[in-house]
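Here are the chains, one letter per residue:
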Amino acid sequence: MKDRQERLLLGAFGALLAFGACEAVSRAGVVRRSYLPPASEVLARAVELAGDAVFLDGIAVTLRAWALGLALACAIAVPVGLVLGSVPVVDAAVRAIVEFLRPLPSVALIPLVSLLLGSGTETKVALVTYASIWPILFNTVYGLGETDPLAKDTLRAFGFGRLSVLLRVELPGTAPFIAAGIRISAAVALILAVATEILSGFGEGLGIFIAQAGLATDGTRDVLAGVVWAGVLGLVINGVLVWGERRLFPWTPGRRGVG
Amino acid sequence: MLRLDTVGQHYGDHQVLHDLTLTVPDGQLLCVVGPSGCGKSTLLRTVAGLLPAYDGTITLDGTPVRGVPDNLAVVFQDYARSLYPWLTVRENVALPLRRRGLPRAERRAEADRILARVGLTDTARRHPWQLSGGMQQRVAIARALVCRPSLLLMDEPFGSLDAQTREDLEDLLLEVHRTDGATIVFVTHDIDESVYLGDRVVVLSPGPGSKVVLDLPVELPGTRDQITTRGLAEFVALRSEVGRAVRNR
Ligand SMILES: Nc1ncnc2c1ncn2[C@@H]1O[C@H](COP(=O)(O)OP(=O)(O)O)[C@@H](O)[C@H]1O
Ligand SMILES: [Mg+2]
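Chains A and B supply the protein sequences, listed in that same order.
Residue numbers for the first sequence follow this note's numbering, beginning at 19 and rising by one.
Residue numbers for the second sequence follow this note's numbering, beginning at 32 and rising by one.
Source of the hints: derived by calculation from the structure; they are not laboratory data.
Be aware that a few hints might be false.
Now the stretches of chain B that chain A is said to cover, found in silico as 3 or more residues with beta-carbon under 8 Å [unchecked claim]:
| hint | stretch |
| --- | --- |
| 1 | 96 to 108 |
| 2 | 200 to 208 |
Computed list of chain A residues with no C-beta within reach of chain B, every gap over 12 Å [claimed, not checked]:
| hint | residue |
| --- | --- |
| 3 | A85 |
| 4 | A93 |
| 5 | A114 |
| 6 | E117 |
| 7 | L173 |
| 8 | R174 |
| 9 | A175 |
| 10 | G262 |
| 11 | L266 |
DEER-style ranges, computed between Cβ atoms [what the hints assert, rightly or not]:
| hint | chain 1 | residue 1 | chain 2 | residue 2 | range |
| --- | --- | --- | --- | --- | --- |
| 12 | A | W269 | B | A194 | 25 to 35 Å |
| 13 | A | A126 | B | D153 | 39 to 49 Å |
| 14 | A | V49 | B | Q161 | 30 to 40 Å |
Remember, it's a predicted structure, so these values are computed and weren't measured experimentally.
Virtual Cβ for every residue (Gly too), placed ideally from N, Cα, C.
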């Protein structure tokens, strides 16, 4: 407990220091004000945006694509992960494809997918889904591999078959790993949703707001205020998911997950 | 009746059991003793049908054992790993009943009945990881008993418990055996425990290819009792005999 307080305190101190540094650099005129507005002004603008209906609509559009993409990724990655993790033959056959696709940076696919699907919601959802699949998939396979053989043998000794072992032992045992994968994917998904909007450049969304502010004269303050919003969204989402994991899986010590 | 006839078992080319022959009559509480690594767990897993194959023949009431036999229950030493942390105590105990197709209310009632029997009524709604080690092993025993098994296999079930808890659970097991009359194969490396619990003690030689080096009926007068029984001259004599066999002197 004391550890956590200390870390929170240090974190707050670090944020304050960075805030102060930005403020000072800008106010001292080291760089032009239009390049780097003082942190206080950026923050004030970010708060002001919370009352801007058009801006909030944009946030809703971005979050909708984020949620849809993440949900699709779960619907694909969890069953595929369960099959890969429990049928070695399939795993060996698919591994080569997976190992080829995984290192492709999803952001590099934005122009290609935009070309194929246009610059609307489909593109965003497709890219968010693609990027979110990997952490969930790998955590599912990894979690299955970590299932205690004794837990499986116990169920088998009561006469349960292969499918029961999968559903009653391996799946619940893997759930904390899957949840950790979803948490990692949630962050990746937000990056992809905003990045796709920024690169495609028109329509609605947080990324669009940032992109258009970047084109306006003296728009840096708006760009940064948008970035603050993206950061806060990411923090809130992560916080909610960590809290949910603690509630759902109280028996697991600490956090788990492979990136 | 459980019969093992020239049974062999191996992991790869590591031969663990070789030519093992043993008959366990119905209702007997057989204790299997032997040094660590001699193959006691392997023997239990083979009988439980948890290992893919074995040499020789194993029959249970005349039918050859292929896969996990019906009416079997197993209790492992490591209760923390064999109880499911995402289920409550009651759900853990009721789990084996799902194979019987019992409706939910009946599964629940059965689980509560058996929990009362092992003295855990108040913990039904808690989770295993919220209980002490002794209580967790009681839950595992309750879960093993819930389907009224005719063969109960126990692999050093009390090995990681403190002395007091262990004695309580030994007496619980004796009581269960008296009333239910199931055949029990109880593996332990504790010589005292084997004599205190067993109707019969079998000692295995160190591996590889371990064999039965002593097959001893345990006849002790009266109902067994932690204090009196352990002080009896018969008890002390049997304990020495088993001890000599284990130490191979
Ligand atoms: N899954 C396994 N794979 C390979 N060797 C094993 C395995 N399990 C046990 N063994 C080996 O088999 C021998 C007997 O093990 P075990 O049956 O666990 O002995 P015990 O229960 O009497 O201590 C030991 O030498 C052990 O190292
Ligand atoms: Mg063992």
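Hint-by-hint comparison with the structure:
no.: 1; hint: 96 to 108; result: holds (count 6)
no.: 2; hint: 200 to 208; result: violated (count 0)
no.: 3; hint: A85; result: 26 Å, holds
no.: 4; hint: A93; result: 22 Å, holds
no.: 5; hint: A114; result: 29 Å, holds
no.: 6; hint: E117; result: 30 Å, holds
no.: 7; hint: L173; result: 8 Å, violated
no.: 8; hint: R174; result: 6 Å, violated
no.: 9; hint: A175; result: 4 Å, violated
no.: 10; hint: G262; result: 15 Å, holds
no.: 11; hint: L266; result: 9 Å, violated
no.: 12; hint: A:W269 x B:A194: 25 to 35 Å; result: 28 Å, holds
no.: 13; hint: A:A126 x B:D153: 39 to 49 Å; result: 59 Å, violated
no.: 14; hint: A:V49 x B:Q161: 30 to 40 Å; result: 58 Å, violated
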